[in-house]
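With the hints as extra help, turn the sequences into a complete structure.
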Amino acid sequence: MSATGIGAAVRRKEDRRFITGTGHYTDDINRPGQVFAYFVRSPHAHATIRSIDVKSATAMPGVLAVLTGAELGADKIGNLICGWMIHSKDGSPMKMAAHPALANGKACHVGDPVAVVLATTLAQARDAAEKVKVEYAVLPAVTDPAAAQKQGAPQIHDVAANNTIYQWHLGDAKAVDAAFKSANHVTKLDIVNNRLVPNAIEPRAAIGDYDSGTGTFTLWNTTQNPHVARLVIAAFVGMAPENKLRVIAPDVGGGFGSKIFIYPEEVVALWASKRVGRPVKWVADRSEAFLCDAHGRDHVTHAEMAFDVDGKILGLRAKTIANLGAYMSTFSSSVPTYLYATLMSGQYEIPQIYCEVDAVYTNTVPVDAYRGAGRPEATFVVERLVEVGAREMGQDPAELRRRNFIKKFPHQTPVIMNYDAGDYNASLKKAMDLADYKGFAKRKRDSARNGKLRGIGFSTYIEACGIAPSQAVGSLGCGVGLWESAEVRVNPTGSVEILTGCHAHGQGHETTFAQLVSDRLGIPIDNVSVVHGDTDKVQFGMGTYGSRSGAVGMSALVKALDKVEAKAKKVAAHLLEAAEGDIEFKDGKFSVAGTDKSAAWGDVTLNAYIAHKFAGQELEPGLKEGAFYDPTNFTFPAGCHICEVEVDIETGNTEIVAWTAVDDFGVVINPMIVEGQVHGGIAQGVGQALCEGAVYDKEGQLLTGSFMDYCMPRADHLPSMNVDTTVTKCPSNPLGIKGCGEAGAIAAPAAVINAITDAIGTEDLTMPATSSAVWLALQKANRMPHAA
Amino acid sequence: MYAFTFHRPQTVRQAASLLAKNQEAKLLAGGHTLLPTMKLRLAGPPQLIDLSLIDGLAGIEQSGRSLTIGAMTRHNDVNTSPVVQQAIPVLAKLAGMIGDPAVRHMGTIGGSIANNDPNADYPAACLGLGVTIVTNKRRIKADEFFTGMFSTALEPAEIITKVSFPIPKKAAYQKFRNQASRFALVGVFVSKRGSDIRVAVTGAGSNGVFRVSSFEEALKKRFSPKSLEGMTIPADGMNSDIHGSAEYRAHLVGVLARRAVAEAIGKSAA
Ligand SMILES: Cc1cc2nc3c(=O)[nH]c(=O)nc-3n(C[C@H](O)[C@H](O)[C@H](O)COP(=O)(O)OP(=O)(O)OC[C@H]3O[C@@H](n4cnc5c(N)ncnc54)[C@H](O)[C@@H]3O)c2cc1C
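For the protein sequence lines, the chains are A and B, in the order given.
Under this note's numbering, the first residue of the first sequence carries the number 1, and numbering increases by one thereafter.
Under this note's numbering, the first residue of the second sequence carries the number 1, and numbering increases by one thereafter.
Everything labelled a hint here was simulated from the structure, so no lab data went into it.
Check each hint, because a few of them may be wrong.
Within a straight-line C-alpha distance of at most 30 Å, the following computed DSS-like cross-link-like pairs (lysine-lysine) qualify [as the list claims (entries may be wrong)]:
(1) A/K55 x B/K39
(2) B/K170 x A/K444
(3) B/K21 x A/K780
(4) B/K267 x A/K442
(5) B/K21 x B/K137
(6) B/K141 x B/K169
(7) A/K586 x A/K597
(8) A/K729 x A/K589
(9) A/K131 x B/K26
(10) B/K39 x A/K131
(11) A/K444 x B/K226
(12) A/K150 x A/K188
(13) B/K170 x B/K141
Put into structure tokens, the structure is as follows:
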């Protein structure tokens, strides 16, 4: 292993500019003549828009225009779409309601954009926005997914009776029923998977810039996938053909999924820029972000697991109602279906699984993928069932897991996935040793002496990453392929630019992709630059989400590097006057087998460009190769997280006192970056378990609309984490990578709740397990010593 | 933010006369309550009167059995002052529990008590120690000063200049944080100075900071957590919101009061 190659803990190249404030985020970019957009948003969760009077707003100082859905319609700007078709059990297609970028006669959630003011300064735009008079007829609202389908619930969209988007299922219901009939024990749980607000540190932003000379649009945008944004805005919204639309995603400060989607604001920025003939800038403030960034999770589930006398799992069934909010966001339909039910087998050999999912509209912010997307929800269901099952049957939760682990690979689950490799026992054992599971009983006694309840919880999770084989997802309804592209441009002096269709917004690609190139070509890591996030530079790519950039993006890079090496060998053969087949390439040097003749990387690259040593008809000059890589399977990162908590019996406050994570991510490119990803993922998972939760009131107002009420996890919510790995190589891609970006967020919630419920001795606890929720659970279980 | 005129008077008298002349004007101290509400356009005072250039409004002084803290003294200065740490250590500690470093370097004691946020920390200390609030017009006892949530006995054009703290024999503060805002979900301040025993509660009451006379009576017999064993306060009149029910808050008042007394006498509550 070289100091900067695969497996080295190289410091992140990009951190210098991020830490010194010299990064370039969308808000740092200013176009000559730019004006500002400010959105008038619905203050009501559900209302008919009777009229919009823009007269006095338009007359305000600095105002260029005030635009509404009427102008949008007149210019034939198309609706936003959801790009993954799901069919209901009865074969009918999902009920996708129109989603105009500016409300068309009706507002469906608080924050729904109703009009936009364009003005010379932001303050002027804001002042004028207050003068836009919108007459609403307020309608009753529904925010709770379980209530949305009930008789008499307010109807949000005409296309979706009972607010139901689809009623989908996966698995064999009859076989599962039979399995349950033969069960010795059945564990049943009602689960709420709480709604989360992503809260990337950089709020979303967009600059639309129309060039009337060429008729082309440029969009600077906080997006995780600029090419997908261009595709949707060109093909569906109909702004301009792809060749006349350039999308640039500069530095992006965190996404966690919420910046995958195509949102109204960027469409409006582009369109308005043509309308007013000036570049248009929009930057969300934090309050807006709460009301217009796609939220995550929000499931209500009833789940059951059947065990035989030996504690072997016989079957699992679950019925979930998934809240998709007021409109179907870009990939919303896939999250509670193919990214959720397909993971219901966990790490276990479960012969039969049946999962039903109803997706519903409510008067809330749209819900879509958020770090883990469907897999945290699935893991929570499976890992709670197994843990509670063990408790009910009086078995050790680790032992019960071990007994049910899948041990032979490949393993076909009853829910589509075919696990390619893993060793679940190895990660469980290592985690138990690191966590000193044996010493837990003594630690529990010590805690009791200090008036604290101590608990321990496991989460042996699995996820499907490396998203995804195009044919497979196509057959499941996905509107796009999920391959990735890479291009390697070698300069005459031997330095290299690589272009990737992935997009980094915190992941450190500028370092890890360069490590791969450094490793492969034997050149210093500083001689490798990574280009991404610009549709004019990178031809096409699918972006970054679903822990895919390593497994899919780097695999494409390997393919391109293979081609570069093959071409470079041809050049070297001419240079060294040897047969191509005799050329060997190692550690940045080309040599002729069996001789001491050699040429350095830089000599060969220079010769590729000066082309003095070969004739044009023999070999093309230059050294630049590209590749597309389509994965053959998902990858299956898995591992074991163990959380230990102390609960203050009097206040219900939970302190996480120890965390052990042993993950199998396959081959690790940069262990330091991986550890950081694990830390961040755990922090977000702990946030979901302990403190985060979006709460709406009956009228559909978001009560947790700021950090005063929406609790993000902080450093003091977390102990120093004990993070380690085990490795089984992933057989499905050339580097053996599985992916690590979401693992922590997937594993953590179940580990925390298993630990707290172990401590307090009652399972009746929903997330977030705030001190007041834990206190209430203790009260209900009537265990309070001071219940006076 | 809406546009406003910015005044920077040099004396309290100038500030008071600006305030008297402009009904809707607002004093600006550390700005950590006022400015966020202005940025959100929830407040739009046409005039801001900045107190930061007025000499003598900030500072900490001890004379005999009392400690005086100027209205413009920042939380961080109270937190790190050797004088406060020596005289009323719990007050220094309390100031260090407010918000985050940025807030503590800007926020002031005068701004905090003038604002009388029902979840703020200083009001508990002021009521729990029986301070005297000194203004440009008069001296006001803490018991008369805090008149309800976000409301005080201050009259229009009245400016807090300093707060005078009697030095207690024993005192402690237990803050149970709202995990989101980090203000007090419930905070209980206890003190003992001769026969004067005070238990003041912030965060819990739907009408701001209040004293718990039943606890004070019990503690008069013996200043020990045991005296409060099994005691709670009624949930009526407690705040109830997504962060905790009235019952939970009432329960916490009992728990935290016992812990505070234990801390004050240097014992653990368990
Ligand atoms: C992120 C954050 C976290 C916080 N956390 C906490 C916390 O944990 N605990 C807590 O107690 N507080 C907390 N605060 C509030 C903080 O302590 C404020 O700074 C304080 O409450 C107000 O003081 P200020 O000096 O900033 O006043 P300003 O915001 O300047 O003024 C507040 C009000 O008081 C008036 N005023 C100011 N000075 C005087 C005076 N001398 N006489 C009369 N009226 C005056 C002003 O006109 C205004 O109406 C937090 C604030 C923030 C932003």
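B/K267 and A/K442: Cα distance at most 30 Å? The hint holds at about 25 Å.
Given the hint that B/K170 pairs with B/K141, test it: the Cα-Cα distance must not exceed 30 Å. Since the Cα atoms of B/K170 and B/K141 sit roughly 20 Å apart, the hinted pair holds (cutoff 30 Å).
Straight-line Cα separation of A/K131 and B/K26 no greater than 30 Å? holds, 25 Å
Decide if the proposed pair is consistent with the structure: A/K150 and A/K188, CA atoms, cutoff 30 Å inclusive. holds, 23 Å
Proposed proximity, A/K131 with B/K39 (alpha carbon, max 30 Å): holds, 18 Å
Between the alpha carbons of B/K170 and A/K444, is the straight-line distance 30 Å or under? violated, 34 Å
Is A/K729 close enough to A/K589, meaning Cα to Cα at most 30 Å? Cα-Cα ~28 Å, so holds.
Hint check: A/K55 vs B/K39, CA-CA at most 30 Å. Holds or violated? holds, 26 Å
Please work out if B/K21 and A/K780 have their alpha carbons no farther apart than 30 Å. violated, 58 Å
B/K141 and B/K169 were given as a pair; does the straight-line alpha-carbon distance stay at or below 30 Å? Cα-Cα ~20 Å, so holds.
A/K586 and A/K597 were given as a pair; does the straight-line alpha-carbon distance stay at or below 30 Å? holds, 13 Å
Has the given pair, B/K21 with B/K137, been kept, meaning a C-alpha gap of at most 30 Å? holds, 17 Å
Figure legend: structure checked against the earlier numbered hints; hints not met, in rising order: 2, 3.
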